[in-house]
Amino acid sequence: MISIQGLYKQFGKLEVLKGIDLEVEKGNVVVVIGPSGSGKTTMLRCLNILETPTKGVISIESQTLDFSGTVPKKNIAAFRRLTGMVFQSYNLFPHKTALENVMEGPVIVKNENKESARKKAQTLLEKVGLGDKIDYYPVQLSGGQQQRVGIARALAMDPKVMLFDEPTSALDPELVGEVLKVMKDLANEGMTMIVVTHEMRFAREAADEVIFMDQGVVVERNKPEEIFTNPKEERTRKFLNMIQ
Amino acid sequence: MKMYLSSIFADPERTARLIDIAQSSFLPLLKGAIFYTIPLTIITFIVGMVLAIVTALARISHVRIFQIIARIYVSAIRGTPLLVQLFIIFYGLPTLGIIIDSYLAAVIGFSLSVGAYTSEIIRAAILSTPKGQWEAGYSIGMSYSQVLRRIILPQAARVSLPPLSNSFISLVKDTSLASLVLVSEMFRKAQEIAASNYEFLLVYSEAALIYWVICFILSVIQQMLEKKLDRYV
Ligand SMILES: Nc1ncnc2c1ncn2[C@@H]1O[C@H](COP(=O)(O)OP(=O)(O)OP(=O)(O)O)[C@@H](O)[C@H]1O
Ligand SMILES: [Mg+2]
Chain A
33 MISIQGLYKQ FGKLEVLKGI DLEVEKGNVV VVIGPSGSGK TTMLRCLNIL
83 ETPTKGVISI ESQTLDFSGT VPKKNIAAFR RLTGMVFQSY NLFPHKTALE
133 NVMEGPVIVK NENKESARKK AQTLLEKVGL GDKIDYYPVQ LSGGQQQRVG
183 IARALAMDPK VMLFDEPTSA LDPELVGEVL KVMKDLANEG MTMIVVTHEM
233 RFAREAADEV IFMDQGVVVE RNKPEEIFTN PKEERTRKFL NMIQ
Chain B
396 MKMYLSSIFA DPERTARLID IAQSSFLPLL KGAIFYTIPL TIITFIVGMV
446 LAIVTALARI SHVRIFQIIA RIYVSAIRGT PLLVQLFIIF YGLPTLGIII
496 DSYLAAVIGF SLSVGAYTSE IIRAAILSTP KGQWEAGYSI GMSYSQVLRR
546 IILPQAARVS LPPLSNSFIS LVKDTSLASL VLVSEMFRKA QEIAASNYEF
596 LLVYSEAALI YWVICFILSV IQQMLEKKLD RYV
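Top line first, the protein sequences correspond to chains A and B. Residue numbers for the first sequence follow the working numbering, beginning at 33 and rising by one. Residue numbers for the second sequence follow the working numbering, beginning at 396 and rising by one.
In isolation and in its complexed conformation, chain B is listed as follows (with noise of 0.2 Å):
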C-alpha cells in the first residue's frame, strides 16, 4: 500500500502516466456503462417484473398445475447460482444447436433471475392488500383484470417499492456478470483496458466508483418515488 502510494506519488513519470490512464479509461468505461450496463438493466428489469407479476399470478392462482410451474421455475432459479445459469444459457445451449448472441443470453439469464425473486415481492404485495378492495372492484362490476390493473397493483406497487429498488440496484452490479459471457458492459471493458497496461487497481477502481455514482443516482430517484407515493397511504 504504502509502497503503491509513494511510486505514484514519487515519480512524477508515473502520476502522469496513471492521471492519462484515468482519464483516457474514463470515456470507454463511462460509454460501456452508457451503452451496456444501464440499458441491460432496465431491458432485463421490465422483462422480469412481468416474469414476475405472471410468476405472482400464478401461484396465488387456483389452478394447480401453474402454482407448480411457479413454484418449479422459482425454486429453481433461487437454487442455482446465476453465473451457472449464464453459462448454461451462453455456453452450454449451443451443444443443442440454440445459439443464443452474448447480449440476449445475458437478457434472458438475468430477466430468469429477476423474474423469480421479485416474484416473491410481488406475491407478498398483492397479498398484503386486503381482500375488501377486490370486492369493492367487483362489486362496481369491475372484472378480474381490471381489479388487478387498477386497483391491486397500484397498491401493491407503493408496498413493493423499497424491496423492488433494492432488487433494482442489485441487478445494476449483478450485470457485471455479463462480462463472463463476453457481454462488453462497463466491467468487461474494464478488464481489457486493465489487461493492456497492467493498472488493475486503478481501472476497477475506477469501474468501482461509475457503479457506486449510478446506484447512489439511483437510491435518490427510489427516494424521490416514495415521497410521491406516500400521498395515498
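Next up, chain A with everything else stripped away, as it sits in the complex (with noise of 0.2 Å):
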C-alpha cells in the first residue's frame, strides 16, 4: 500500500537519507527506530513533501511521486492529503480553539460545509478522549491534550496513512499514557501507521514491525518479538542495549 523506493535525500552536502526501501501493508503499524540523526525524521518529512527528497519513488494507494524528475505542485498537493502528520512538538494553531484545530483542514482544504465539519470534529475529538475540552484553546491544555488534538486534527483529512514522529517525548511521563493509547486504539482499528518513538512497550504491543533505521539506511525490519529479543544486526544490538 505504502511503497518507498531508493529514497535519498540530501542537505547541502550532508546526505541524510542513503536509499530508503521500505513496503507497508494496508492496516499495519510499522514502528522505526534509530540514533539520533539516523534520519528517521527526515524519511517521515519526505512521506508528507514537507522535504523534497533528492531522488526516489514514493508511492500510497494508486498515487505515485517520482522525485527524479520535477514533480508538479499540484500532484505533492494531493499526495500530501493522504497522509497525516503528528509533530513532536504538536504545533496546534494557538489562535484557534480544539474544535476549529481539527475543523480547519476539512472546512479549508475539503470545502466542507461548516455544520458537518463541526460535527465531524466534535466526534473526533470525543475519540481522543477530549469531548470536554473542544473550545479550550491549545494555552489551556496540557501536552497529552494537546498532542490528542494534534491527532485528531490529522484523522479529520481522512487519511490513508497516519505518521507519528515521536508524538510522546515532548510529554511528561504521565502523559505519555494516554496518547499512547489513542495511538493503540487507532491502530486496532486498522489504521495504516508509521510511528517514530522510543516508547518500546508501544513497539512490542501495537507494532506489526520494527524497523532499525541508522546513517540513513533501513538496517534491519523484523517483528517486534525477534528485533527485540534476538536482533541479527550488531547495529542494533548495540543501540537496543543502549536505550534498554
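Hints are computed from structural coordinates only; laboratory data are not their basis. The structure displayed is predicted, hence computed values, not measured ones. Each hint should be verified, as a subset may be incorrect.
[Claimed, not checked] Restraint-style ranges between C-beta atoms, simulated for each label pair:
1. A/Gly69 <-> B/Pro434: 57 to 63 Å
2. B/Val445 <-> A/Lys146: 25 to 31 Å
3. B/Ser614 <-> A/Ala202: 37 to 43 Å
4. B/Lys526 <-> A/Gly161: 27 to 33 Å
5. A/Lys105 <-> B/Trp607: 51 to 57 Å
6. B/Trp607 <-> A/Asp204: 49 to 55 Å
7. B/Ala603 <-> A/Lys105: 52 to 58 Å
8. A/Lys216 <-> B/Phe611: 32 to 38 Å
9. B/Leu624 <-> A/Lys146: 20 to 26 Å
[Stated by the list, open to error] Simulated crosslink set (DMTMM-like; lysine to aspartate or glutamate; CA at most 25 Å straight-line):
10. B/Lys526 <-> A/Glu221
11. B/Lys526 <-> A/Glu47
12. A/Lys142 <-> B/Glu530
13. B/Lys623 <-> A/Glu221
14. B/Lys526 <-> A/Glu132
15. A/Lys165 <-> B/Glu601
16. A/Lys192 <-> B/Glu530
17. A/Lys50 <-> B/Glu530
18. A/Lys151 <-> A/Glu210
19. A/Lys213 <-> A/Asp164
20. A/Lys255 <-> A/Glu57
21. A/Lys255 <-> A/Asp204
22. A/Lys152 <-> B/Glu530
23. B/Lys568 <-> B/Glu601
24. A/Lys192 <-> A/Glu221
25. A/Lys128 <-> B/Glu530
26. A/Lys106 <-> B/Glu530
27. B/Lys622 <-> A/Glu132
28. A/Lys105 <-> B/Glu594
29. B/Lys622 <-> A/Asp167
30. B/Lys623 <-> A/Asp190
31. B/Lys526 <-> A/Glu83
32. A/Lys106 <-> A/Glu83
33. A/Lys87 <-> B/Glu530
34. A/Lys128 <-> B/Asp625
35. B/Lys526 <-> A/Glu198
36. B/Lys623 <-> A/Glu158
37. A/Lys128 <-> B/Glu621
38. A/Lys192 <-> A/Asp204
39. A/Lys255 <-> A/Glu47
40. A/Lys45 <-> B/Glu530
Where a beta carbon is used, it is the ideal one built from N, C-alpha and C, also for glycine.
With the hints in hand, could you dock these two chains into one complex?
Below, the structure written as C-alpha cells:
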C-alpha cells in the first residue's frame, strides 16, 4: 500500500537518507527506531513532502511521486492529503480552539460544509477523549491533550496513513500513556501507521513490524518480538542495549 | 507669557473675543478632523498595510528580484523625508504632465510611507511565527496562501499590534503635513483660521488638543484590542 523505493535526501552536502526502501501493508503499524540523526524524521517528512526528496519514488495507494524528475505542485498537494502528520511539538494553531484546529482542514482544504465539519470534529475529539474540551485554546490544554488534538486534526482529513514523529517525547512521563492509548486504539481500528518512537512498550504491543534505521539506511526490519529479543545486526543490538 | 495671560484676563473685551474665536473655530477644526484627517489616516493606513504585507512577503520570498525591489522601495522611503516625498508627488510630478489632486497626492505619499515602515514590522512578525505552524498547515493540505492568511497572519497580527498601533497614531499626526500640499485637513483649517484672526496660540493649541483627544481614544482602543487578542497567548 505504501512503498518507498530508493529514497535519497541531501541537505547541501550532507546526505541524510541514502537509499531507503520500505513497503508497508494496509492496516499495518510500523515502528521506526534508530539513533539521533539517523534520518527518521527526515524520512517521515519526505512522506509528507515537507521535505522534497533528492531522488526516489514514493507511492501510497494509487498515487505515485517520482522525484528523479520535477514533480508538479498539484500532485504534491494531492499526495499530501493521503498522509496525516503528528508532530513532536504538536504544532497546534494557538489562535484557534481545539474544535477549530480540527475543523480547519476539512473546511478550508476540502470545502466541507461547516456544520458537518463541526459534527465530525466533535466526534473525533470525543474519540481522543477530549469531548469536554472542544472550546479550549491550546494554551489551556496539557501537552498530552494538545497532542491528542493534533491526532484528531490529522485524522479529520481522512488520511490513508498516519505518520507520527516522536509524538510523546515532549511529554511529561505521566501524560505519555493517554497519547499512546489513542494511538493503540487507532491501530486496532486498522489505521495504517508509521511511528517514530522510543516507546518500546508501544512497539511491542501495537507494532506489526519494527524498523531500525542508522545513518540514512534501513539496517534491519522484523517483527517486534524478533528484533527486540534476537536482533540480527550488530548495530541493532548495540542500539537496543543502549536504550534499554 | 505673563503679558499674554494678563492681556486675556485684564481686558474683558479681549476675553470675550478669544472665547468667541475658540468657539467659532472649534466646529471647522472638528470638521477638518472628521472629514479629512480621520478618513485620510484610515484610507492610507489600509492601503499602506496592503503594501506592507506585499513588501514583507516579497522580502521573505525566495525570488531574488522581488527581494531587490522590496529592499529598494523600503530604503528609498526610509531614506528621504516624508515632506519631500509629498512635494515630489504634488508639486513635482505635474512637470511630467502627471497632475494629481492634493488629496490623492497625500493618500499616495502617506501610503507609500506607511507601507515601507510597517513592512519591517510585518516581516519580523511573520518570521517570529514558528516554522512548525507553516508545516502543520501544509500537513493538513493547505496551500501557501491559505496557511499565510489563516494561520500565520493572525498570529503575526497579535505580535505586531503594539508597533502597528504606534504607526497608526503617528500617522494621525503626520497627516498634518498634508496641509503643505493643500489638503484642507484639520491643521490647514487651523492655519486659515489663525491667519484671519492672528490668534495663533489659541487656534493651534485647539488643534493640538483635538489631535491629542483622537490619539488618546486610539490608544484606549489599542489596549482593548490587545486584551481581546491576549486570550490565545
Ligand atoms: N533542514 C535541514 N537542514 C540541514 N540539515 C538537516 C535538516 N534537517 C535535518 N538535518 C540533518 O539531517 C540529519 C538527520 O536528521 P533527522 O532529524 O532526520 O534525524 P532523526 O533520526 O529524526 O534524529 P532524532 O532522533 O534526533 O530526531 C541530522 O544530521 C540533521 O542535522
Ligand atoms: Mg527526529
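A quick look at each hint next to the structure:
Taking 57 to 63 Å as the suggested C-beta distance range, the pair A/Gly69 and B/Pro434 conforms, at roughly 59 Å. The beta-carbon spacing between B/Val445 and A/Lys146, approximately 28 Å, falls within the hinted interval of 25 to 31 Å. Hint check: B/Ser614 to A/Ala202, Cβ distance near 39 Å, so the stated range 37 to 43 Å holds. B/Lys526 and A/Gly161 have their C-beta atoms about 29 Å apart, which keeps the hinted 27 to 33 Å range intact.
A hinted range of 51 to 57 Å for the beta carbons of A/Lys105 and B/Trp607 is consistent with their spacing of about 53 Å. For the hinted restraint 49 to 55 Å between B/Trp607 and A/Asp204, the CB-CB distance of approximately 52 Å keeps it satisfied. For the pair B/Ala603 and A/Lys105, the supplied restraint of 52 to 58 Å holds, since their beta-carbon distance comes to about 55 Å. The hinted range of 32 to 38 Å is not satisfied by A/Lys216 and B/Phe611, whose Cβ atoms lie roughly 59 Å apart.
A C-beta distance of roughly 23 Å is found between B/Leu624 and A/Lys146, which places it inside the suggested range of 20 to 26 Å. For the suggested pair B/Lys526 and A/Glu221, the alpha carbons sit about 32 Å apart, so the restraint of at most 25 Å is broken. Of the supplied pair hints, the one linking B/Lys526 and A/Glu47 holds, its CA atoms being roughly 22 Å apart against a limit of 25 Å. Taken as a hint, the A/Lys142 and B/Glu530 pair is honoured in the structure, with Cα atoms around 18 Å apart against an allowance of 25 Å.
With a C-alpha separation of about 42 Å, the suggested pair B/Lys623 and A/Glu221 falls outside the 25 Å cut-off, and the hint is violated. Restraint check: the Cα-Cα separation between B/Lys526 and A/Glu132 comes to about 20 Å, which is no more than 25 Å; the hinted pair holds. A distance of roughly 54 Å separates the Cα atoms of A/Lys165 and B/Glu601; the hinted pair therefore is violated under the 25 Å criterion. Restraint check for A/Lys192 and B/Glu530: satisfied, since their Cα atoms lie roughly 19 Å apart, inside the 25 Å limit.
For a cut-off of 25 Å, the pair hint linking A/Lys50 to B/Glu530 stands: about 24 Å separates their Cα positions. A threshold of 25 Å between alpha carbons decides the hint, and for A/Lys151 with A/Glu210 the separation of about 23 Å falls inside it, so the pair holds. At roughly 18 Å between alpha-carbon atoms, A/Lys213 and A/Asp164 fall within 25 Å of each other, so this suggested pair holds. Under the criterion of a C-alpha separation no larger than 25 Å, the hint pairing A/Lys255 with A/Glu57 is consistent with the structure, at around 14 Å.
For the hint pairing A/Lys255 with A/Asp204, the CA-to-CA distance comes to about 29 Å; that exceeds 25 Å, so the pair is violated. Using a Cα cut-off of 25 Å, the hinted pair A/Lys152 and B/Glu530 holds, with the two alpha carbons roughly 23 Å apart. Annotation: proposed proximity of B/Lys568 to B/Glu601 holds, straight-line Cα distance about 14 Å (limit 25 Å). Note on A/Lys192 and A/Glu221: the hinted pairing holds, with a Cα-Cα distance of about 13 Å set against a maximum of 25 Å.
Only pairs whose Cα atoms come within 25 Å are accepted, and A/Lys128 paired with B/Glu530 is accepted, the gap being roughly 16 Å. Straight-line distance between C-alpha atoms of A/Lys106 and B/Glu530 comes to about 17 Å, which keeps the hinted pair within the 25 Å bound. Distance check on the hinted pair: B/Lys622 and A/Glu132 sit about 21 Å apart at the alpha-carbon level, within 25 Å; holds. Restraint check: the Cα-Cα separation between A/Lys105 and B/Glu594 comes to about 68 Å, which exceeds 25 Å; the hinted pair is violated.
In summary, the hint linking B/Lys622 to A/Asp167 is supported, as the alpha carbons are separated by about 19 Å, within the 25 Å threshold. For the proposed pair B/Lys623 and A/Asp190, the alpha carbon gap of about 34 Å is over 25 Å, so the pair is violated. For the hint pairing B/Lys526 with A/Glu83, the CA-to-CA distance comes to about 13 Å; that is within 25 Å, so the pair holds. A threshold of 25 Å between alpha carbons decides the hint, and for A/Lys106 with A/Glu83 the separation of about 16 Å falls inside it, so the pair holds.
Between A/Lys87 and B/Glu530 the CA atoms are separated by roughly 21 Å; this keeps the pair inside 25 Å, and the hint holds. Of the pairs offered as hints, the one joining A/Lys128 and B/Asp625 holds, with about 12 Å between alpha carbons and a cut-off of 25 Å not exceeded. Taking the CA atoms of B/Lys526 and A/Glu198, the gap is near 18 Å; set against the 25 Å cutoff, the hint holds. Of the pairs offered as hints, the one joining B/Lys623 and A/Glu158 is violated, with about 29 Å between alpha carbons and a cut-off of 25 Å exceeded.
Simply put, A/Lys128 and B/Glu621 have alpha-carbon atoms about 17 Å apart, close enough for the 25 Å limit, and the pair holds. A threshold of 25 Å between alpha carbons decides the hint, and for A/Lys192 with A/Asp204 the separation of about 30 Å lies outside it, so the pair is violated. Distance hint between A/Lys255 and A/Glu47 is unfulfilled; the C-alpha atoms sit about 29 Å from each other, more than 25 Å. Annotation: proposed proximity of A/Lys45 to B/Glu530 holds, straight-line Cα distance about 24 Å (limit 25 Å).
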